[in-house]
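Asker: The listed protein sequences derive, respectively, from chains A and B. Position 150 (the first sequence) corresponds to 1155 in my numbering; numbering is contiguous. Position 249 (the second sequence) corresponds to 1254 in my numbering; numbering is contiguous.
Honestly, the hints are just simulated from the structure, not real lab data. What you are looking at is a predicted structure, and each value in this text was computed from that prediction instead of being measured. A few of these clues could be false.
A pair counts as met if it fits within one copy or between any two copies, since identical chains are not told apart.
[To be verified] Below, in silico cross-link-like pairs of lysine-lysine (DSS-like), each with a Cα-Cα straight-line distance of 30 Å or less:
hint, residue 1, residue 2
1, Lys-1284, Lys-1076
2, Lys-1269, Lys-1240
3, Lys-1284, Lys-1240
4, Lys-1082, Lys-1284
5, Lys-1291, Lys-1240
6, Lys-1284, Lys-1269
7, Lys-1043, Lys-1291
8, Lys-1082, Lys-1291
9, Lys-1058, Lys-1076
10, Lys-1232, Lys-1059
11, Lys-1284, Lys-1058
There are 2 protein chains.
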Amino acid sequence: MKAIGVDLGGTNIKAAVVDNEKGIVEQVTTPTQAKLGKDHILNRIAETIGDLKKKYEIIGIGMGLPGMVSKDQTTVKYPPNLPGWTVVNAAEEITQRTGIVCRIENDANIAAIGSLHFGVGRNFDSFIMITLGTGVGGGIIIDRNIYKGTQGMAGELGHVIIDYHGPLSNSVTRGTVEAYLGQRFLSRFATDLITQNPSNELYEKFSNDFEKLEPIDLTNAAKEGNKLAIEILAKSGQRLGYAIINYVHMMDIRKIVVSGGVSKAGDFLFEPARDIVRKHMMEPFKEGFELVYEDLGNDSALLGAAGLAFDSFS
Amino acid sequence: MKAIGVDLGGTNIKAAVVDNEKGIVEQVTTPTQAKLGKDHILNRIAETIGDLKKKYEIIGIGMGLPGMVSKDQTTVKYPPNLPGWTVVNAAEEITQRTGIVCRIENDANIAAIGSLHFGVGRNFDSFIMITLGTGVGGGIIIDRNIYKGTQGMAGELGHVIIDYHGPLSNSVTRGTVEAYLGQRFLSRFATDLITQNPSNELYEKFSNDFEKLEPIDLTNAAKEGNKLAIEILAKSGQRLGYAIINYVHMMDIRKIVVSGGVSKAGDFLFEPARDIVRKHMMEPFKEGFELVYEDLGNDSALLGAAGLAFDSFS
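Based on the sequences and whatever the hints tell you, model everything.
Answerer: Have a look at this one:
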């Protein structure tokens, strides 16, 4: 069984034919040319799919994109990085242009669906997926379905508060997970601590231009034994731990899957998170608790988008 | 249609015949005599029900009790205030003794089911119920069903963290909603502020014995225009607001129902909470948001227990 997965980003459109057992069979990438507007992009997606659909028997199309997606997985509202898009029934637009049924979902939920079909999520009926990237996103899988809430916007895990006195991430909420673990905020937190420790190697390396400091630099330094880098990642992991306690106490879902660039820090981040969970989560919730790393990498968006099609049309 | 609702507490067993349209038809109360042990209590419940069932046609029994209840709503684990109870299939024990089908649920979820069937929850398909009592409990209703999570323990809303540096409530978690709004903790917070303001009338009234200070005293003082009482309730309401943001950002359920003794403070608590929501909740979640007060009072446990029976057996 094959579906087409599409990953619509501000820079590139990626599309792939995905087999439900074998994974990606064929993949194409084309520039989004976002400035040329909505119809141009939708036409480009349709052209790309048109080439693929001639070669394979396709059951449907799934597409991941930024922004808020309706509960029925057809319509996106004001997606960031796609100028001129307002409220667009992208699923219908694509079906009209290709003759193939289509559903859409936001990037964070697509990552969770990808894990469910092709990643560590295969082992779990219910899990909470946290994506630690530029922002912190989330997707909640309950009994192998994405949980959307009453109006389609559930799972804003990055905007869960752990310290209401804490720093700002976006314009409205303080002390959210994203304000600590979003890539930019983690880098800023690291910059502060490194500046306070000018004898540390990281100071020498980045003090000319801290803008260049990324979480991966901390991970690499930690692997080389840099104690300050280890401390920065540990503190961030602890904050992740508090957020996870909130998710588990609310939803009683005990499998936590973490993906995204920052998660490459692995156990430098996860062990301190697990330690906070061991110390501060209510005892009865600990049975069966697991915090695991998702490693589908760059393919996860395409696999998840195809997974959405398998869920919707098979 | 009639069911029997039972409210099993450490002090009293209450039982009532409840009509799904008319509410409570007949009610009896008997001491729990908890020290005499599990079988004694179960026999007393059965006797009480036995008298009621002779007079009415009953579709089933629902019972609320403290403690963690299994996902299938039959079995309770180590209920507090009921010495000698370990893991007890109370539903089956009651059915064996009465010949009537039975389901059980914990007190917080029972309160939510009560609101769903007989209170403000009738207006909502999905809502989050917060009970502000000695502790802070919660129940989550999704599409008119209680949400139990993977192992039956979802909705520990009182144990959601809003400031991980904050005060302790129980032994394991800091800065939870309960640590601010649980009755004891709210009284302690009030005591601190009143002690810092010895010119306030509340100091004169309670400084001999702050143990006597209860949230209702703050509410009464606030109604009389006492600014310190208003400030204490406002600060507590703000904290409730941050917790509510967490619930909504996670679950996208936009109807919040608050019950329990502390909630009698009404808008002294709720308006500051709404204000925090207006300022700090993500914009798209605000559409349709409501924070309302549940006023089923002392009957809510019996009504909710009967509601559980209606849900399970009608």
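Asker: Compare the structure with each hint and give your call.
Answerer: Results for each hint:
1. Lys-1284 with Lys-1076: between (37 Å within a copy, 26 Å between copies)
2. Lys-1269 with Lys-1240: within (16 Å within a copy, 40 Å between copies)
3. Lys-1284 with Lys-1240: Both ways: Lys-1284 and Lys-1240 sit 15 Å apart in one copy and 28 Å across, limit 30 Å.
4. Lys-1082 with Lys-1284: between (41 Å within a copy, 22 Å between copies)
5. Lys-1291 with Lys-1240: Classified as within: same-chain Cα gap 22 Å, cross-chain 32 Å, threshold 30 Å.
6. Lys-1284 with Lys-1269: within (24 Å within a copy, 34 Å between copies)
7. Lys-1043 with Lys-1291: between (47 Å within a copy, 28 Å between copies)
8. Lys-1082 with Lys-1291: between (38 Å within a copy, 15 Å between copies)
9. Lys-1058 with Lys-1076: Cα proximity of Lys-1058 and Lys-1076: one copy only (27 Å, versus 45 Å across).
10. Lys-1232 with Lys-1059: This pair counts as neither: shortest intra-copy Cα distance 56 Å, inter-copy 74 Å.
11. Lys-1284 with Lys-1058: Neither: 53 Å inside a copy, 48 Å across copies.
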